[in-house]
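*Asks:* Input sequences plus hints: build the corresponding full structure.
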Amino acid sequence: MPDPVGRVKACTECRQQKVRCDAYLDYARPCTRCRAGNLPCVISKHFQRRPRQSKAQLQHEIDRLKARVEGGHDHENQSEPTPDHFSPPTRSNSDSRHVTFDGSPTVLKSSSPAEGTYDSSQFTHDDATLTRSLQNVTIESYHIDECYNMRVQKSNGLFEDSLTPNERYQQSPLLFWTILLVGSRGYPKDPTIYDRLGEYVLELAFKSMIRPNDPLPVIVAAVIICTWPLPFDMVYRDPTQALAGAAYGLAIQNGLHMYAREQDFVVKSTSERSGIVSDAEALRSRVRDAAVIARTRIWVYCLLTFQNANIGDGLPPTAIVPCFRRAETFGDVYHLLPKILGYRLQTHRVKTEAVNVIASSCDIVGKHKDDSLTATILALDGQVREYPRPENNDIYNIIRCNARLAILSLIWLVQTEPDHILILRVYGIAHELIAHMQSLNESVQSFTFYLPQSTHRLLVLAACVILRVSKSPLAKDIDLAGAEAAIFAVANIFRKRCLHTADLYSLAATVLTQLWSSKKAFVREGKPQNGLQVDIRYRLCASFFEDKSDRK
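Position one of the sequence shown corresponds to residue 1 (UniProt numbering), numbered consecutively onward.
Treat the hints with caution; some may be incorrect.
Taking lysine-lysine and the DSS-like style, the derived pairs with C-alpha atoms no more than 30 Å apart in a straight line are [claimed, not checked]: (1) Lys476 x Lys527; (2) Lys45 x Lys9; (3) Lys18 x Lys45.
Hint data in this document are derived by calculation from the structure and do not stem from the laboratory.
*Replies:* The structure is reproduced here in structure tokens:
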């Protein structure tokens, strides 16, 4: 039989894939490869090879199809009734104090082989919450509902709050147990849940860091644990540095630090790419999607948690090239963030820059006066003051005071005998921070109990500033009654925050009150009392509250 298409001997499918084809042996039958794959076997003279899709195109196409499917699911779920025993809290999307992921729940999948694999069809939307066990700890369903809701109500947008406990467990057991653990803090019906779960959840988090199937839920869980860590009685037992550092490294490894460049860091499996049909028009119109928004917000939370943990402990805030500033290449991300998170990021960048600049430029022995570095500190403080606050309320004032206090406290590194005018400025900011804390603590129930650990560290910093100025020659220039009220207000906040009688918050409250009452605090042999003198210089912002050599 003559060849109907001339010299063409391979079918279009084999030519597209550049594989050997045996169609020429019998043009009446499909080739072996097309028969095996149940594909149409067509031989054509006018074949043109389709260009292969790039990783970026495949990633965008996957996200587009996911969003289309999940949009339909969300529409169906809205019509389903919510069980009587579980009513998730509803929130307005316009609340700037909460970051709600616009992405779907599938942005965060099962995070580690240690967590197992779960069939998404195992439960329906209306299933009752199931009793769960971790190691030898079993938590009843009604405790799960109450602790889970307690944490979700104060999620601060770190994770999407629309999932039920069952759905969260399917998404990521690690994230489920982490939310349950933090929600059980101060849980009155069974106060033992927190202590029973704590070490097991921490162990699961570290195991999940090693080989995560999907890093996003692991990073979110680590951020939650580092924001509200387990109680500890010694600083060296605090796991925050190790866990936050691991989460930070995992985030960079998976490209969260680069805006909309996931495909350059993460290679998707073949199974996730199968069945993709190109839609060039949809790809061009889909510039920013839910996955990009979710990844950006997770990165910002991870960055703030890791670097604030370092700054609060007096350690250098390890930083990478701030890729988000290169807006001409990677786009400006502030419009992807809620107002409060964007403002935190703005002030945080200045604070981090100040610590790094002073740490790299300051003489460790110390100088009596360094005008150039003092001017740098004042310029960076002015930069924070120039940033407009989205709203003039206590929350934004606390964020601004936190950044200014961390920056101006570096004056103890720049000058061995700090300028009194600058010290009084730092004193005023410390007073302002404590006043805003008291105001919110009175108006918002349990506000200080759920504050992040980094904010409590700066509250300690503020109390130490007031204490040292009150025990110095500047005491005659300040209101000592107001200083005393501020010290005891911070001590009361710490007592309400502590979970164990021997944890660091309880110890901090005791030390503050004892130092205030002591007549020998900050008195060196043969010299008058002077709380402004600091001997430790290696701990950056935390130097003057880590300096305990002169406390009696």
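*Asks:* Sort out whether Lys45 lies within 30 Å of Lys18, counting only the CA atoms.
*Replies:* Distance ~16 Å between Lys18 and Lys45 Cα, so the pair holds.
*Asks:* Lys45 and Lys9: Cα distance at most 30 Å?
*Replies:* Holds. Lys45 to Lys9 sits at ~10 Å (cutoff 30 Å).
*Asks:* Given the hinted pair Lys476 and Lys527, is their Cα-Cα distance within 30 Å?
*Replies:* With a Cα-Cα distance of about 18 Å, the restraint between Lys476 and Lys527 holds, given a limit of 30 Å.
Checked against the numbered hints listed earlier, the structure breaks none of them; every hint is satisfied.
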